[in-house]
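Model the full assembly from the supplied sequences, consistent with the hints where possible.
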Amino acid sequence: MEENQHKDGQLNIELDQEIAEGTYSNLAIINHSISEFIVDFINIMPGVPKARVKSRIILTPQHAKRLAKALADNVRKFEQANGEIKDYEQSPIPMNFGPTGQA
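Residue numbering for the sequence shown follows UniProt numbering, starting at 1 and increasing by one per position.
Hint data in this document are derived by calculation from the structure and do not stem from the laboratory.
It is possible that some hints are incorrect.
As the list claims (entries may be wrong) - Pairs of lysine-lysine residues, derived as BS3-like cross-links and limited to a Cα-Cα distance of at most 25 Å, are as follows:
(1) K69 - K86
(2) K65 - K50
(3) K65 - K86
(4) K69 - K54
(5) K65 - K77
Claimed, not checked - Label pairs and their calculated CB-CB ranges:
(6) Y88 - D16: 33 to 41 Å
(7) R56 - A20: 15 to 23 Å
(8) F78 - I13: 17 to 25 Å
(9) K77 - E36: 24 to 32 Å
(10) I13 - V75: 21 to 29 Å
(11) I58 - D16: 16 to 24 Å
(12) K69 - G47: 31 to 39 Å
For each residue, glycine too, the CB sits at the ideal point set by N, CA and C.
Here it is, written out as structure tokens:
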């Protein structure tokens with residue numbers, strides 16, 4: 001682990017080319033248990049009745065809370081620079097899609 005840390009305590013994080021390209025998602029389904037949050041990222045295409053999970057991230061409750069705070073902070077900064085992000089009253093994606101939040 002020491003190899004990945006600079007002398008000033010900063011972590012050196014590597015990003016593989018395949019991961020750097022990213023995966024597009026227009027739906028996230030979040031489930032949780034007492035010990036973890038599971039976020040499934042999905043890409044739903046119009047007119048296609050079936051979609052697959054493209055990526056699954058499993059977080060501890062503490063990391064899920066930190067992620068929520070970081071996302072909120074980044075959305076606030078984005079809106080300060082670019083204007084308010086419009087949120088649609090009714091989602092174009094049916095919200096009964098996918099598993100329930102039981103674990």
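These are the hints, each one checked on the structure:
no. : hint                  : verdict
1   : K69 - K86             : holds, 20 Å
2   : K65 - K50             : violated, 31 Å
3   : K65 - K86             : holds, 24 Å
4   : K69 - K54             : holds, 24 Å
5   : K65 - K77             : holds, 19 Å
6   : Y88 - D16: 33 to 41 Å : holds, 35 Å
7   : R56 - A20: 15 to 23 Å : holds, 19 Å
8   : F78 - I13: 17 to 25 Å : holds, 22 Å
9   : K77 - E36: 24 to 32 Å : holds, 28 Å
10  : I13 - V75: 21 to 29 Å : holds, 23 Å
11  : I58 - D16: 16 to 24 Å : holds, 20 Å
12  : K69 - G47: 31 to 39 Å : holds, 37 Å
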